[in-house]
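Engineer: Quick note, the sequences are listed as chains H and L, same order.
Counted the way our numbering counts, the first sequence spans residues 1 to 211.
Counted the way our numbering counts, the second sequence spans residues 1 to 253.
The hints are simulated quantities; they were obtained by calculation from the structure and are not laboratory data.
Just so it is clear, the structure is predicted and the values come from calculations on it, not from any experiment.
Fair warning: there could be bad hints in the mix.
Taking lysine-lysine and the DSS-like style, the derived pairs with C-alpha atoms no more than 30 Å apart in a straight line are [as the list claims (entries may be wrong)]: (1) L:Lys-145 to L:Lys-51; (2) L:Lys-79 to L:Lys-122; (3) L:Lys-79 to L:Lys-5; (4) L:Lys-245 to L:Lys-145; (5) L:Lys-224 to L:Lys-121; (6) L:Lys-145 to L:Lys-124; (7) L:Lys-122 to L:Lys-154; (8) L:Lys-124 to H:Lys-96; (9) L:Lys-122 to L:Lys-224; (10) L:Lys-124 to L:Lys-224; (11) L:Lys-8 to H:Lys-96; (12) L:Lys-5 to L:Lys-51; (13) L:Lys-51 to H:Lys-91; (14) L:Lys-79 to L:Lys-144; (15) L:Lys-122 to L:Lys-8; (16) H:Lys-96 to L:Lys-154; (17) L:Lys-154 to L:Lys-121; (18) L:Lys-79 to L:Lys-121; (19) L:Lys-51 to L:Lys-154; (20) L:Lys-79 to H:Lys-91; (21) H:Lys-91 to L:Lys-154; (22) L:Lys-79 to L:Lys-224; (23) L:Lys-8 to L:Lys-51; (24) L:Lys-245 to L:Lys-124; (25) L:Lys-5 to L:Lys-121; (26) L:Lys-224 to H:Lys-91; (27) L:Lys-144 to H:Lys-96; (28) L:Lys-224 to L:Lys-144; (29) L:Lys-124 to H:Lys-91; (30) L:Lys-121 to H:Lys-91.
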Amino acid sequence: MLKIQGGLIMAGNREFLNRRLHSLLGVIPIGLFLVQHLVVNHFATGGAESFNKAADFMGNLPFRIVLETVIIYLPILFHAIYGLYIAFTAKNNAGKYGYFRNWMFLLQRVSGVITLIFITWHVWQTRVAAAFGAHVNYDMMADILSSPFMFVFYLIGVISTIFHFANGLWSFLVSWGITVSPRSQVITTYFTIGVFVVLSIVALRTLLAFV
Amino acid sequence: MSENKTVKFIVTRQDSPDSAPFEEEFELAYRPNMNVISALMEIRRNPVNTKGQATTPITWDSNCLEEVCGACSMVINGKPRQSCSALVDQLEQPIRLEPMRTFPVVRDLQVDRSRMFDALKKVKAWIPIDGTYDLGPGPRMPEKKRQWAYELSKCMTCGVCLEACPNVNSNSNFIGPQPLSQVRLFNAHPTGEMNRSERLEAIMGDGGLANCGNSQNCVQSCPKGIPLTTSIAALNRDTTIQAFKNFFGSDQV
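Turn these sequences into a full structure, and let the hints guide you.
Structural biologist: If you want it as structure tokens, here you go:
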């Protein structure tokens with residue numbers, strides 16, 4: 001009875017656990033955090049004061065460091081490192097097999113790498129800067145986005161992040177065995193396209209509110 | 001009428017598993033209803049390339065010649081498929097033939113497909129029926145389910161799905177869609193179901209199910225139209241439940 005067969009315990013099954021964890025973390029908590037982050041930023045459309053009020057509320061949450069570490073930093077770190085390993089073990093062949101899902105497979109990997117570069121820079125420019133005494137507020141973002149280069153960089157980075165989340169949501173549903181039938185997978189394709197469009201509009205409105 | 005019509009082939013060849021591949025061109029007289037295998041046989045009768053040089057006959061693998069054994073799979077004009085059912089009339093010329101490089105090349109177009117048979121052993125793709133005494137008849141299979149399972153049983157281990165999969169390559173140990181779908185087939189069988197968890201645990205190991213990246217090339221490429229991605233998604237669900245059972249324990253066997 002003590003013998004624990006297979007599953008999550010056996011050493012040889014790390015890959016199964018890692019893959020499933022990678023898929024789960026992308027949605028919970030990282031995906032949820034992304035949606036929350038985009039929604040809170042949307043206060044910028046109501047002007048500098050409205051954004052600063054929201055940013056200060058988020059920034060002054062109790063146990064902020066714990067929340068950030070557990071909900072954001074650790075999951076993203078795992079997702080990013082294991083994701084890079086996944087991305088670079090694939091031998092992409094969308095040129096030869098130009099099917100829709102194969103293109104999504106390629107774009108998921110490309111957007112993942114772009115997102116990682118963007119997030120690294122974004123954290124450096126805002127959170128690390130904050131740790132050195134800068135104040136995260138409307139002026140900070142308006143200052144960053146006043147450079148056309150940075151505006152385009154943020155635009156690409158944010159759209160890439162949203163795509164990676166929306167398409168990742170689709171494959172999360174497949175990977176955990178929630179959508180099995182082809183029809184359910186087609187329906188969630190349309191659903192995740194909707195998620196991509198809606199979040200992109202939210203993000204675009206926010207970015208434009210800073211310029 | 002077709003006397004002057006010719007068919008042109010560009011074949012990627014290689015003399016031994018370790019030697020460098022090279023291309024050789026062949027041109028032969030057109031005959032109605034030719035397929036790639038009949039053309040290769042014609043070249044074998046007179047192995048002379050377009051430069052007029054005598055060369056070795058091309059090596060390839062084939063057996064049934066009716067697209068049920070899977071042995072003659074090769075990459076034809078960029079896509080992996082069976083050469084017996086590749087009709088010359090339906091192919092763009094020059095016809096390019098290459099081996100399926102996902103597998104070790106033995107010679108020319110012949111590859112070693114052992115990894116798939118090893119994978120079938122690994123995932124226990126059979127139904128144990130032997131006992132020390134007569135176990136009697138097994139449980140009956142509903143006819144509707146039998147018809148459904150028949151579609152999964154059409155797999156001929158041809159290797160096309162592995163060739164098309166971006167995650168089956170030399171950097172990864174992914175076993176590919178073919179053995180996974182067989183797990184679903186044998187787990188669906190009323191007697192095979194008795195060893196369900198053993199097969200699920202086998203595909204939860206390294207190089208197993210979790211390596212699928214959902215490019216879905218396999219289901220697009222399968223010559224038998226096997227719903228490979230549905231099998232994979234169904235197994236994702238089964239292994240999710242199995243993983244919870246293994247971790248938390250279960251009152252069910």
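Engineer: What are the numbers of the hints that this structure violates, sorted from low to high?
Structural biologist: Violated hints: 1, 8, 13, 14, 15, 19, 25 and 27; rest satisfied.
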